[in-house]
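A.B. asks: Residue numbers (full-length UniProt numbering), protein chains in the order written: chain A, 1 to 264; chain B, 1 to 417.
Please keep in mind that the hints were generated in silico from the structure rather than gathered at the bench. If you're wondering where the values come from, they're calculated on a predicted model, not measured in any experiment. Treat the hints with care, since some could be wrong.
To be verified - Example chain B residues on the side facing chain A (calculated, C-beta under 8 Å, incomplete):
1) 40
2) 54
3) 61
4) 81
5) 84
6) 182
7) 186
8) 314
Claimed, not checked - Some chain A residues flagged as far from chain B (calculated, every beta-carbon gap over 12 Å):
9) 5
10) 8
11) 28
12) 55
13) 105
14) 199
15) 238
16) 240
17) 259
Built from N, CA and C at the ideal position, the CB exists for glycine as well.
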Amino acid sequence: MNTSAVFEKARAENRAALIGYLPAGYPSVAGGIDALKAMVDAGVDVVEIGLPYSDPLMDGPVIQAAVDAALRAGTDTTHVLRTVEAVAETGTPALVMSYWNPIDRYGTERFARDLASAGGAGAITPDLLPDDSDEWLPAARAHDLDTVFLIAPSSTDERIALTAEACRGFVYAASTMGVTGTRDQVGDAAAGLVARARTVTQTPLAVGLGVSNGDQAAQIASFADGVIVGSAFVRCMLEADSPAEGARAAGKLAADLAAGVRRR
Amino acid sequence: MEPPVSESSVTSGPGSVGRPGGADRPGRFGPYGGRYVPEALIAALDELDREYQSAAADPAFQAELDGLLRSYSGRPTPVTEVARFGAEAAHGARVLLKREDLNHTGSHKINNVLGQALLTKRIGKRRVIAETGAGQHGVATATAAALMGLECVIYMGEEDTRRQALNVARMELLGATVIPVSTGSRTLKDAINEALRDWVTNVATTNYVFGTVAGPHPFPTLVRDLQRIIGVEARQQVLELTGRLPDAVAACVGGGSNAIGIFHAFVDDADVKLYGFEAGGDGVASGRHAATITAGAPGVLHGARSYLLQDEFGQTIESHSISAGLDYPGVGPEHSWLKDSGRAIYQPVDDAEAMEAFRLLCRTEGIIPAIESAHALAGVRRLGAELGPDAVILVNLSGRGDKDVDTAAKWFGLMEQ
Ligand SMILES: Cc1ncc(COP(=O)(O)O)c(C=O)c1O
């Protein structure tokens, strides 16, 4: 199933889709794959696989810690693609979440080709604007890949429209102004942003940044088409005593969140 | 005669000589520059760009900035001919130093910061943040914040807070909060990451006073225009002193602000050679250096496309230099374009060469330079050999060495470790 089909199915079931993030290579390539599979088994509909990068300026301390560890362990782009392949085999859409430079360095066309042949669904690019995507968009389209860009509460209506236009799969709506990390409250800004975006696009709108439990997921699911969870999954892994326990904890969290997106 | 300050501040808008070959989009220098940042920052960058354009066209803003540069920072800074240094180091060529070391707070960084702090007030924000490596930009920002009554937070790599403890104390004395950054390599690049994270979170109340000509648009243009004053003054001063233009202009390159500041007024003078000297650390071959243009490859770091030190997978490689102010794996996009277009030449100077030039200037002229600036002085030794005794070489002495006495004393074995 591709990403759009997942969102259609969720809509048909009158619920939001659940999107779960982990960086590749943490605690190891195999350990990361196991955890992602546990998340899929527990109800994650779309997987985001982070490409560990040395300068993750959109990420808070939790994701930074995991990404640092993954890089120290030698994780590189080929391991990310291997992780994509393993998750894609489950039939769940797997998108890579990457800062732009690693893709640029790998070669935009080569990355699109290798991601597609690994079975990847597409990529989320938090520091690439559609304005600068003259290479990425044609390459992604040529390989039938989703392109997900971000909108933020500070985005003008004009920029929301321009960004949504370039998105395929879904539009990533940042819930608050800030970096990744769990928050007690997921701001009202998200609802306003989604409402503004609704007026200009048919593409599904998924909200991320700060969501950590089923109740928050339910709240977001009441107005958005998808709920994105990252740091909370990573925290499960960071706090676990063993990789197996981390995967179990991530699976348990996924089950709570999956129930949440059905409680809208 | 004093060169006029007024014509030298914010004057060159988009499409100026700083973009040889022209750019089809704002903030682009050929293929370099642009904005590679989270969408959440775009509104703030647009606001900054808009306010800057309007300030640049506003005589009242200009007058206020010119007044501060004159009465607070001490501009215009003099040009000093250093004959003994020229004889010893440059094969007898005439060496002229543009004395940015004589600015208030001890370096060129104040030129940029006064302009950006005024812009912050104009935008109506009350809080400024900045990154700092050596601490010079942090001190300058803390100074301007104190002067203008702004709250000030400085991000500094934990490693650098140790190397430059005195500057941490200076910033705190000035009322700033210094936050040590313990992520990544714990140096300047990580301080920039952390400052950008703060900015994304607090953008409604906060302005980011970026310290060099790197980062997302409009910073490379904005900071360049605020630093142009160096070259505008120097060009006229050299003409008055020697009756002609210099054969070469030399500057050290970290992010590239002092270099672009002195280069810019000479870009259209085709006979004036422009030389940027990067930090060669232990030597480029050793892999431990900060020679971004010499040894790096184009890519994206901190919001702009430019040369950077990166591995085959696009991960940033940590830089090394005895000079904290040059210890940065990136460089401003306009330098990348000046390099590719052949208009400027960039060469590495290693730690040992820089320290030798540092000592030579102390001994021959009674001027203790910043170690950053000593890289440019070391470059002059090569230029002297190349250009001969009739040459006139203008060097940007970007800062003074008070902050570096500890490092230098250790290097030369004057102190117990
Ligand atoms: C005296 C001095 N020169 C040069 C630099 C390098 O910066 P830039 O290349 O932006 O001039 C610094 C940075 O801290 C500095 O303090």
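A.B. asks: Next, verify each hint and record whether it holds.
C.D. replies: How the hints compare with the structure:
Interface restraint check: residue 40/B against chain A, minimum CB-CB distance 4 Å, threshold 8 Å, status holds. Residue-level restraint check for residue 54/B is violated (minimum Cβ-Cβ distance to chain A is 19 Å; threshold 8 Å). Interface restraint check for residue 61/B: the shortest CB-CB distance to chain A comes to about 25 Å, outside 8 Å, so the restraint is violated. Given hint, residue 81/B at the interface with chain A, is violated; its Cβ is 43 Å from that chain's nearest Cβ, farther than 8 Å.
Annotation: interface hint on residue 84/B violated; nearest CB of chain A at approximately 45 Å, more than 8 Å. Because the beta carbon of residue 182/B sits about 10 Å from the nearest beta carbon in chain A, more than 8 Å, this interface hint is broken. Interface hint at residue 186/B: violated, since its Cβ lies 12 Å from the closest Cβ of chain A, which is beyond the 8 Å cut-off. Interface restraint check for residue 314/B: the shortest CB-CB distance to chain A comes to about 3 Å, inside 8 Å, so the restraint holds.
Distance check on residue 5/A: its Cβ is at least 26 Å (rounded) from any Cβ of chain B, clearing the 12 Å threshold; non-interface status holds. Under the 12 Å C-beta cut-off, the non-interface status given to residue 8/A relative to chain B holds; the minimum distance is some 26 Å. Against chain B, the non-interface label of residue 28/A holds: every CB pair exceeds 12 Å, the least being about 18 Å. A cut-off of 12 Å between C-beta atoms contradicts the statement that residue 55/A is not in contact with chain B; the least separation is 5 Å.
Not every CB of chain B lies more than 12 Å from the CB of residue 105/A, the least distance being 3 Å, so the non-interface label is violated. At roughly 18 Å, the least C-beta separation between residue 199/A and chain B is larger than 12 Å, which holds for a residue marked as non-interface. Distance to chain B confirms residue 238/A as a non-interface residue, since its nearest Cβ pair spans about 15 Å, more than 12 Å. With a closest Cβ-Cβ approach of about 22 Å to chain B, residue 240/A is found to remain outside the 12 Å limit, as its non-interface label requires.
Listed as a non-interface residue, residue 259/A keeps its Cβ farther than 12 Å from every Cβ of chain B; the least gap is roughly 30 Å.
Comparing the model with each earlier hint shows violations of hints 2, 3, 4, 5, 6, 7, 12, 13; every other hint is respected.
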